[in-house]
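Protein chains in written order, with the working numbering: chain A, 4 to 285; chain B, 4 to 285; chain C, 4 to 285; chain D, 4 to 285; chain E, 4 to 285.
These are computed hints drawn from the structure, not numbers from a lab. Each residue gets a CB set at the ideal place from its N, CA and C atoms; glycine is no exception. Keep in mind that the hints are not guaranteed to be accurate.
Unchecked claim - Short derived list, chain A residues pointing at chain B, Cβ under 8 Å: (1) E21; (2) S53; (3) G100; (4) E108; (5) V114; (6) N187; (7) A279.
As the list claims (entries may be wrong) - For lysine-lysine, the following DSBU-like pairs were computed, each having C-alpha atoms within a straight-line distance of at most 35 Å: (8) E:K180 - A:K180; (9) C:K180 - D:K180; (10) B:K180 - A:K180; (11) C:K127 - E:K127; (12) B:K180 - C:K180; (13) A:K180 - C:K180; (14) D:K180 - E:K180; (15) D:K127 - A:K180.
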Amino acid sequence: MSAVETSMPVPQVPETLEGWSLLHQMFRIRWHGVRNLSAAARNDVAQEASSLLESMNAGENGSTATVNMLGHKADLMLIHFRRTFEDLSRAELAIAGTRLHDHLEVATSYVSVVELGMYEMTAKLYQQPTLRALDRDSPEFRRIIGEEMTRQRDRVISRLYPEVPRHRHVCFYPMNKRRGERKNWYAAPFEARAAMMREHGVIGRLYSGQVVQIISGSIGYDDWEWGVDLFADDALVFKKLIYEMRFDQASAEYAEFGPFYVGLQFAPHALDRLLAGEPPAL
Amino acid sequence: MSAVETSMPVPQVPETLEGWSLLHQMFRIRWHGVRNLSAAARNDVAQEASSLLESMNAGENGSTATVNMLGHKADLMLIHFRRTFEDLSRAELAIAGTRLHDHLEVATSYVSVVELGMYEMTAKLYQQPTLRALDRDSPEFRRIIGEEMTRQRDRVISRLYPEVPRHRHVCFYPMNKRRGERKNWYAAPFEARAAMMREHGVIGRLYSGQVVQIISGSIGYDDWEWGVDLFADDALVFKKLIYEMRFDQASAEYAEFGPFYVGLQFAPHALDRLLAGEPPAL
Amino acid sequence: MSAVETSMPVPQVPETLEGWSLLHQMFRIRWHGVRNLSAAARNDVAQEASSLLESMNAGENGSTATVNMLGHKADLMLIHFRRTFEDLSRAELAIAGTRLHDHLEVATSYVSVVELGMYEMTAKLYQQPTLRALDRDSPEFRRIIGEEMTRQRDRVISRLYPEVPRHRHVCFYPMNKRRGERKNWYAAPFEARAAMMREHGVIGRLYSGQVVQIISGSIGYDDWEWGVDLFADDALVFKKLIYEMRFDQASAEYAEFGPFYVGLQFAPHALDRLLAGEPPAL
Amino acid sequence: MSAVETSMPVPQVPETLEGWSLLHQMFRIRWHGVRNLSAAARNDVAQEASSLLESMNAGENGSTATVNMLGHKADLMLIHFRRTFEDLSRAELAIAGTRLHDHLEVATSYVSVVELGMYEMTAKLYQQPTLRALDRDSPEFRRIIGEEMTRQRDRVISRLYPEVPRHRHVCFYPMNKRRGERKNWYAAPFEARAAMMREHGVIGRLYSGQVVQIISGSIGYDDWEWGVDLFADDALVFKKLIYEMRFDQASAEYAEFGPFYVGLQFAPHALDRLLAGEPPAL
Amino acid sequence: MSAVETSMPVPQVPETLEGWSLLHQMFRIRWHGVRNLSAAARNDVAQEASSLLESMNAGENGSTATVNMLGHKADLMLIHFRRTFEDLSRAELAIAGTRLHDHLEVATSYVSVVELGMYEMTAKLYQQPTLRALDRDSPEFRRIIGEEMTRQRDRVISRLYPEVPRHRHVCFYPMNKRRGERKNWYAAPFEARAAMMREHGVIGRLYSGQVVQIISGSIGYDDWEWGVDLFADDALVFKKLIYEMRFDQASAEYAEFGPFYVGLQFAPHALDRLLAGEPPAL
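Using the sequences provided together with the hints, build the complete structure.
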């Protein structure tokens with residue numbers, strides 16, 4: 004075994020800001036049951052659910068995206084954007100209360116919170132003489148960082164509480180930073196991590212205008228550390244962007260990817276089209 | 004293959020004290036069945052289960068926490084705190100005997116025992132001249148450690164048998180210490196492990212007042228080595244605490260995390276609200 | 004931990020061209036239900052599905068292969084070749100709308116896009132003086148690459164939109180390039196990767212005439228990075244080809260293989276034979 | 004890749020003796036069905052199964068332990084001790100033939116054979132001049148070892164065919180010896196393995212009187228290499244013993260642990276109490 | 004990352020000969036349904052299936068072994084030996100067409116082809132001056148190897164198309180050769196692999212007369228690279244043989260083992276005994 008070097012704690016002030024609470028719900032549709040409904044009954048089922056879903060698009064209080072998924076993993080994905088976990092629970096229970104829910108099989112889900120990494124800002128802060136003079140785990144150090152975070156929060160508030168991007172294609176996947184025996188993100192120094200995230204961001208910006216990305220953190224909430232939602236008009240962009248990123252150091256050496264989900268976003272009122280067996284329009 | 008060096012046994016006296024036996028039970032609710040009950044029948048189902056759950060909060064004999072979970076992994080989590088495994092079995096069988104149980108699908112569970120790590124006390128003991136003069140696997144050495152453990156037990160008895168923290172948000176996850184081919188917690192010297200746990204504790208204390216943590220050991224009882232329950236008013240605290248801890252050496256290099264579960268604690272008498280499709284209050 | 008060396012981004016222009024969108028659907032047949040149908044009813048079920056499947060073979064708009072699978076993983080595999088993800092959704096929903104679907108259990112699926120790796124062309128481009136003089140992440144560099152890609156696309160269009168090879172045996176499996184802690188494809192230089200892919204291709208060509216291969220990319224769409232479909236008259240060829248390739252460096256050191264599926268392709272109109280319990284002919 | 008050094012075979016005469024054939028069966032109870040039985044019908048179901056289980060405790064022909072398990076993995080575990088695999092099949096089929104079986108869901112099982120490791124005896128044998136003069140793969144060498152094994156068998160026959168220990172708590176888990184790329188039990192020399200097993204045994208003996216252990220081998224029979232059954236009056240002993248052992252070299256560097264199961268042993272005639280929803284007594 | 008050295012392809016002519024196509028089918032029996040049949044109906048079910056299974060033992064056209072499995076993984080295993088994959092499909096569909104199939108749950112399966120490794124012959128060939136003078140990927144080189152393979156095929160034809168060994172106990176497991184980051188079978192030179200396989204064979208021969216082994220290859224067909232079937236009168240032989248082999252270099256460093264299945268072979272006409280709840284005789 005390699006020698007274990009221990010040191011006094013160097014607290015790692017979380018360098019993130021948080022916004023919407025997110026619940027991704029994925030369902031399979033039980034087609035046999037749906038097909039056996041009369042057209043009128045099917046319409047009622049669709050109507051009730053559509054109304055609920057439309058009422059969930061409530062601006063500042065949050066909204067819900069509806070996506071028709073490809074493949075066996077799910078037929079329907081709902082992404083709930085809410086203010087609190089209590090509101091997520093309320094949304095989940097409301098969906099469970101519809102007649103549509105009798106025709107759904109719960110496939111999987113993901114709980115997370117929209118997150119902005121503030122690596123660059125934090126890196127600059129750490130250079131300030133006031134902070135350099137302080138112990139990183141002193142209350143004073145943490146208070147100064149906290150105040151600056153509050154200021155930054157106002158600046159980026161619209162990115163913490165974004166509207167659902169109305170693009171046709173949606174891609175969702177969870178991921179981790181590797182904690183391997185040799186390659187360990189959490190054992191890398193802050194400066195190296197910040198540089199790798201900067202490189203990662205440069206590639207992302209090459210695709211700006213083609214894809215909208217929402218990152219959410221799920222440490223403490225779900226089985227991976229982050230969730231990534233991508234929205235684009237052209238589904239090929241997902242493949243090209245993620246492939247290209249796979250070569251940057253942060254991804255190549257430190258990223259672990261969970262399952263990938265892909266589908267087509269649609270308007271809640273088009274749910275009846277889906278139940279009738281046709282791709283519903285956005 | 005690296006050379007295999009063998010040595011005579013250096014027994015590792017367990018440096019822990021134990022309290023409540025714990026059983027986490029996670030259930031999915033079969034909403035279709037619940038929704039098809041008449042309001043009166045649903046009320047009866049809720050009443051019977053609520054009464055049982057309230058009767059389970061019996062002070063010194065233990066108690067049971069009720070949590071409304073987010074996502075597909077579970078809708079309802081019960082955490083039974085009991086004196087013995089026989090009492091856990093009695094609780095599990097009592098729940099299985101309710102009419103509510105017909106509307107539940109058993110999702111998963113976790114068996115463990117509340118545990119306090121006594122690294123610091125043990126480290127001090129090991130420095131005592133009397134003990135240093137003894138073989139670590141001599142009966143005398145083990146007797147002295149055992150007596151001191153008994154004394155310490157009285158001192159920390161309230162932390163071994165804590166009351167359920169009545170905070171709104173609950174996070175549960177199991178974890179291991181890594182036994183990798185290069186990074187192996189169980190091959191690290193006692194002193195190095197004690198130092199790492201000290202660092203880990205320092206970060207935890209930065210969050211004191213914001214979060215209550217209950218650690219339970221499950222070696223010999225379940226598939227991971229420890230279970231962690233966190234209770235907090237603000238769910239963001241789970242994310243910030245666990246993220247920050249992920250950078251201390253004990254976590255960064257040696258922790259392996261299982262699935263994460265998160266939900267909202269509620270009062271047993273509010274179970275009828277949950278069955279009616281609304282988030283129940285604490 | 005090994006030192007983390009960071010560098011400014013060297014964007015990796017995706018060196019691929021894309022064609023058909025693919026959806027593999029795998030179903031188990033519920034034989035009990037099929038056997039309990041009257042011969043006439045069974046015929047109706049087969050007829051409806053056969054007609055749909057035959058109508059899906061629509062030349063430039065795509066086609067659908069039907070395969071009778073061996074073993075418990077699936078009894079029936081459909082491979083949909085389509086122009087867009089929306090068309091894949093349409094195909095999936097149409098299948099879900101048949102009476103046959105009541106007798107199917109969805110086993111698994113795979114979403115991907117036919118892909119041609121353009122390593123050799125890209126390698127040559129990179130040698131051109133114009134490009135060598137440019138920054139790899141400059142807009143100019145990316146524009147030149149893009150234009151050449153468009154030219155190449157015309158040249159290889161029939162390989163991007165191939166007809167379904169009408170060979171009796173079909174083998175499908177997904178795969179990744181390894182991102183291990185020591186062997187990491189995505190950390191290998193472009194030139195080394197290009198050389199390994201060249202070697203890989205040489206072995207493939209030893210089997211030309213015996214097997215037809217269709218590679219599809221699924222980064223961003225499904226849980227592995229690529230899907231591989233092989234078509235051959237003699238099923239032994241799959242074993243010999245894949246075994247021999249397992250020794251080239253790209254496979255030996257960098258390939259990770261998912262589950263393997265094997266079956267016998269048949270003509271859609273022979274579906275009634277399958278439902279009657281006999282291997283259907285191509 | 005590290006150089007591959009090959010050598011002529013050095014056969015590894017198995018250094019074990021075998022006794023009872025074991026089948027662990029784990030079942031979940033379908034409580035809904037049990038609860039809907041009339042008291043009389045439930046009694047009949049319990050009576051039939053109790054009689055069968057009691058008849059299975061047949062001394063020299065073997066016996067069957069009955070255990071009430073904690074948590075979702077199983078409600079009921081049966082451990083069949085038998086002379087042959089045919090007798091295990093007979094027991095399994097007899098259980099499947101009870102009315103109780105209609106209320107059981109088969110959760111998992113484990114097939115193994117009680118085994119005593121004879122490392123120390125073998126180590127001594129290997130030192131004998133007669134054997135040292137022989138090739139380890141010569142028929143003569145194997146004959147001498149075989150004869151000594153037969154002699155030892157008589158000496159330890161009661162440990163090969165033990166009675167079921169009648170302690171209240173039962174812990175079962177399967178395990179492997181690691182065959183990692185760096186830490187590989189099967190590439191370690193016999194002497195090093197013998198020394199590690201000796202150390203392992205020393206710790207075990209510190210708990211003698213508190214716990215009874217039955218080791219069974221399952222190479223060739225089930226998915227792990229060994230099964231371990233522990234029996235104790237105090238369930239805490241499982242945790243303390245396994246925790247302490249985790250630090251010996253054989254466990255720390257070479258053990259891989261499967262799922263852990265824990266429960267309370269009870270007398271077969273108390274099965275009616277379990278079905279009535281109360282912990283049954285031993 | 005270690006340096007990536009690339010070289011021109013050195014094709015690896017597959018050094019194997021192939022015989023029977025194999026399909027292992029594993030089923031759980033739904034005992035509730037079987038027990039609820041009248042004795043006459045149960046007899047009819049058994050009779051129909053027995054007749055089919057007996058008709059499948061058709062000498063040169065193949066045969067089918069029937070095995071009563073221990074534990075929860077399966078109650079019944081069928082091993083179909085056939086000339087072609089089409090014949091395997093025919094067998095699978097015929098089984099699905101019996102009334103017995105209504106009482107079976109498909110648990111798992113395995114698709115493979117009986118294979119003889121020709122390492123020694125190939126090694127000798129490679130020493131021939133004619134071949135040493137040739138490029139390994141020249142058509143001439145491959146033609147000479149191919150012709151010799153054809154000659155060898157005649158010599159070993161009875162081992163490529165063996166009869167089912169009529170021993171009572173059957174053990175089946177799939178396995179891979181490791182492709183680890185440090186230990187990689189496919190990156191080892193041919194001569195080293197040949198030497199390791201020779202050592203492996205020596206141990207196997209120590210058990211000749213006690214066990215019959217059938218190796219089948221499944222690269223391209225199923226999720227592991229090989230399947231291994233062992234047949235023996237004494238089930239202990241499986242454990243001793245596999246344990247002893249685990250120490251040879253090919254197994255210790257390069258083998259990865261899948262799940263193990265064990266059971267008792269029986270005569271097809273004894274199926275009625277199994278359905279009646281008694282171990283059926285061979």
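Against the earlier hints, flag every one the structure doesn't satisfy and list their numbers going up. 2, 4, 7, 11, 15
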